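Colleague: Sequence:
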Amino acid sequence: PRNDKQPRRGRVVIDVKIDLHDFTRDQAYEVLVRRIKRAYNRGFRCALVVTGKGKNLEGVLRMSLAAWLSSPELRPMIANYAQAHIRHGGSGAFYVFLKRNKAYDQT
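UniProt numbering numbers the first residue of the sequence shown as 1 and each following residue consecutively.
Worth flagging that the hints you see were computed from the coordinates, not collected in a lab.
You may find that some hints are simply not true.
Label-pair ranges, simulated between beta-carbon atoms [unchecked claim]:
#1 Lys-99 x Ser-64: 15 to 23 Å
#2 Ser-71 x Asp-15: 16 to 24 Å
#3 Tyr-104 x Arg-25: 29 to 37 Å
#4 Arg-34 x Phe-97: 15 to 23 Å
#5 Asp-19 x Lys-55: 13 to 21 Å
#6 Arg-75 x Val-13: 18 to 26 Å
#7 Lys-55 x Lys-102: 38 to 46 Å
Derived lysine-lysine pairs resembling PhoX-like cross-links, with alpha carbons at most 25 Å apart [stated by the list, open to error]:
#8 Lys-102 x Lys-37
#9 Lys-17 x Lys-102
#10 Lys-99 x Lys-17
#11 Lys-99 x Lys-37
#12 Lys-17 x Lys-37
#13 Lys-17 x Lys-53
#14 Lys-17 x Lys-55
None of the values given here were measured: they were computed from a predicted structure.
No residue lacks a Cβ here, since even glycine has one placed at the ideal position from N, Cα and C.
Please model the entire structure based on the sequences and the hints provided.
Modeller: Here it is as structure tokens:
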């Protein structure tokens, strides 16, 4: 994002919410990949990914998210990510900023 202060203030336009709460680790990864690809293909720029906090802020999904976003499947679509503002879930959620889809812009 152009202004890194905006996410900290909760001033983010969320295009899609991806809630991974009720999934196993493997299921959550599959859902994340599918939903991020769909959002990217629709020209969306920001996804709110809800992982939950887990116990003592060490939730399996929360701790896995960074590696997932760096995976070869998702890395080309991801611009950045940041912990969500408290009004959007705080430490149990993340803003995932998607790169501009040039193919979408041409249509």
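Colleague: For each hint, tell me whether it holds in the structure or not.
Modeller: These are the hints, each one checked on the structure:
1. Lys-99 x Ser-64: 15 to 23 Å: holds, 21 Å
2. Ser-71 x Asp-15: 16 to 24 Å: holds, 21 Å
3. Tyr-104 x Arg-25: 29 to 37 Å: Holds: the Cβ-Cβ distance is about 30 Å, inside 29 to 37 Å.
4. Arg-34 x Phe-97: 15 to 23 Å: This hint holds: roughly 18 Å between Cβ atoms.
5. Asp-19 x Lys-55: 13 to 21 Å: Once the Cβ atoms are compared, 19 Å apart, the range 13 to 21 Å for Lys-55 and Asp-19 holds.
6. Arg-75 x Val-13: 18 to 26 Å: At roughly 23 Å between Cβ atoms, Val-13 and Arg-75 fall inside 18 to 26 Å, so the hint holds.
7. Lys-55 x Lys-102: 38 to 46 Å: holds, 42 Å
8. Lys-102 x Lys-37: holds, 14 Å
9. Lys-17 x Lys-102: holds, 22 Å
10. Lys-99 x Lys-17: holds, 17 Å
11. Lys-99 x Lys-37: Given that 25 Å is the threshold and the Cα spacing comes to 11 Å, the pair holds.
12. Lys-17 x Lys-37: holds, 13 Å
13. Lys-17 x Lys-53: Holds, because 16 Å separates the two Cα atoms, which is no more than 25 Å.
14. Lys-17 x Lys-55: holds, 22 Å
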